[in-house]
Amino acid sequence: MIVMETHQDHTSSKIGMWLFLLSEILLFGGLFILYSSYRYKNPVDFHLAAWELNRALGTINTLILITSSLGIALSIFFIQKGNRQLSVVFLFATIFLGVLFLGVKYVEWTTKIGHGLYPNSPRLLGRPKGEILFFGLYYSMTGLHGLHVLVGISILSVMLVLMIKKKLNENRTISLENAGLYWHLVDIIWIFLFPLFYLIT
Amino acid sequence: MRKVNYKTYVRVWLGLVILTGITVSLAGMKLGRLSIAIVLAIAAIKSGLVLSYFMHLRYETGLLFKLMIPIVLAALTLFIGLTFTDIAFR
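Line by line, the protein sequences give chains A and B. Be aware that the first sequence starts at 1, since it is given in the numbering used here, and climbs by one per residue. Be aware that the second sequence starts at 202, since it is given in the numbering used here, and climbs by one per residue.
Keep in mind that the hints were calculated from the coordinates and are not lab data. A quick note: this is a predicted structure, and the numbers were derived from the prediction, not measured. Virtual Cβ for every residue (Gly too), placed ideally from N, Cα, C. Do not take every clue at face value.
Each pair of labels, with its calculated beta carbon distance range [claimed, not checked]:
1) B/Gly249 / A/Phe96: 22 to 28 Å
2) B/Tyr260 / A/Val44: 44 to 50 Å
3) A/Gly143 / B/Leu241: 21 to 27 Å
4) B/Arg259 / A/Val107: 34 to 40 Å
5) A/Leu100 / B/Ala276: 29 to 35 Å
6) A/Leu162 / B/Ser253: 25 to 31 Å
7) B/Leu265 / A/Arg127: 44 to 50 Å
8) B/Leu241 / A/Ile15: 26 to 32 Å
9) A/Phe20 / B/Pro271: 14 to 20 Å
10) B/Ser226 / A/Ile15: 37 to 43 Å
11) B/Ala275 / A/Ile164: 38 to 44 Å
12) A/Ile15 / B/Arg291: 39 to 45 Å
13) B/Arg212 / A/His115: 16 to 22 Å
Far from chain A, some chain B residues (derived; all Cβ distances over 10 Å) [stated by the list, open to error]:
14) Leu235
15) Arg259
16) Gly263
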C-alpha cells in the first residue's frame, strides 16, 4: 500500500532560504545605491556610455531568464503532481536557458573587451570619468549577477541529479522549491539590471 | 497541496514578456526624466509578479512572509533616500 503525503510543510527551511535571499537583496541593493549615486553625478556620461551596450542582446537575455523562471515553476508544479518525467524536462530546460544566458553574456563581454573597453584599459581611461564609472559598474554588477547565475545553474543541476535518482520526489520537494526561490531572485535582480544599463540611452 | 494551476504560471510569464516589450519600446521614445521613473515602475511590477506567483508569496500564510518584502523595500528606500540627502548637497 502506498501512502502519499499530500501535505508538506517545511516552513522553517523555506524561511531560511528567504532570509538568505533578503541578504542577497541587500548585497545587490548596495551596488544599486552606488549606481544611483554615480549616475546622479554623471547623467550625461552614463547616457553616452550606455550606447556601447547591445540592447537586443540585453532584451534576449531578459526573455531567457523570464522563461527560465517559468521553467522552474513548472518543474516544481509537475513534481508535486507526481509527474517526474515532465518535471525533469522543465528542470533541464531551466538549466539550459541559464547556460544560454551565460553564453550571451560571454559574447557581450568578449566583444566589449575586444573593443578595448574593460576595467583599467587605456582606451577606457581616456574617456570621461562618468563613462569609466559606468563600465566599472557594468562589469561588477553584471559580473556578480553572472556569478549568481552560475551558482544557480550548479544548484539546479544537483537538483536534476537528485530527481533522476528519485531522492527528490513528490513527497520531498522542498529542496527544489528553495532552489527555485533562489533562481527567481536571480531573475528579479536582472529585471532591474537590464533597464538601468541597457535602456538609458 | 497548492491550489495553483500551471496555466497561471504561463499567464504570468506572458505578462512578463509583454511588460518587457513595453519597457523596451518606451525606452525608444524620448521621455526624458519620466523615462527612468516609468522603466523602474514597470520593473517593480515585473518583480511583483515573480514574487507573488512564481515565488508563491501570494499563497503563503503567516505574518513573516507578508511583511518581508515591504520591510526590505522600506529598508532600501531608506538607504537610497538617506544617501541622496548626502550626495545631493555635495
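Okay, the hints, checked on the actual structure:
1. Restraint check, B/Gly249 to A/Phe96: a C-beta distance of roughly 27 Å satisfies the suggested window 22 to 28 Å.
2. The beta-carbon spacing between B/Tyr260 and A/Val44, approximately 46 Å, falls within the hinted interval of 44 to 50 Å.
3. For the hinted restraint 21 to 27 Å between A/Gly143 and B/Leu241, the CB-CB distance of approximately 22 Å keeps it satisfied.
4. Under the hint 34 to 40 Å, the C-beta atoms of B/Arg259 and A/Val107, about 37 Å apart, fit the expected range.
5. In this structure the supplied range 29 to 35 Å holds for A/Leu100 paired with B/Ala276, their Cβ-Cβ distance being about 34 Å.
6. Between A/Leu162 and B/Ser253, the C-beta spacing of about 28 Å keeps the proposed range 25 to 31 Å intact.
7. The hinted window of 44 to 50 Å between B/Leu265 and A/Arg127 holds, with their beta carbons roughly 47 Å apart.
8. At about 29 Å, the beta-carbon gap between B/Leu241 and A/Ile15 stays in the expected band of 26 to 32 Å.
9. Between A/Phe20 and B/Pro271 the CB atoms are about 19 Å apart, so this pair conforms to the stated range of 14 to 20 Å.
10. Between B/Ser226 and A/Ile15 the CB atoms are about 40 Å apart, so this pair conforms to the stated range of 37 to 43 Å.
11. Between B/Ala275 and A/Ile164 the Cβ separation comes to about 43 Å, which falls inside the hinted range of 38 to 44 Å.
12. A/Ile15 and B/Arg291 have their C-beta atoms about 41 Å apart, which keeps the hinted 39 to 45 Å range intact.
13. One distance hint, 16 to 22 Å for the beta-carbon pair B/Arg212 and A/His115, is violated here, with the actual separation near 41 Å.
14. Consistency note on B/Leu235: stated as away from chain A, and its beta-carbon is indeed over 10 Å from all of that chain's, at 13 Å minimum.
15. No beta-carbon of chain A is positioned within 10 Å of the beta-carbon of B/Arg259; the least distance is around 13 Å.
16. The beta carbon of B/Gly263 sits about 8 Å from the closest Cβ of chain A, which is not more than 10 Å, so the claim that it is off the interface is violated.
When the structure is compared with the earlier hints, violations turn up for hints 13, 16 and for no others.
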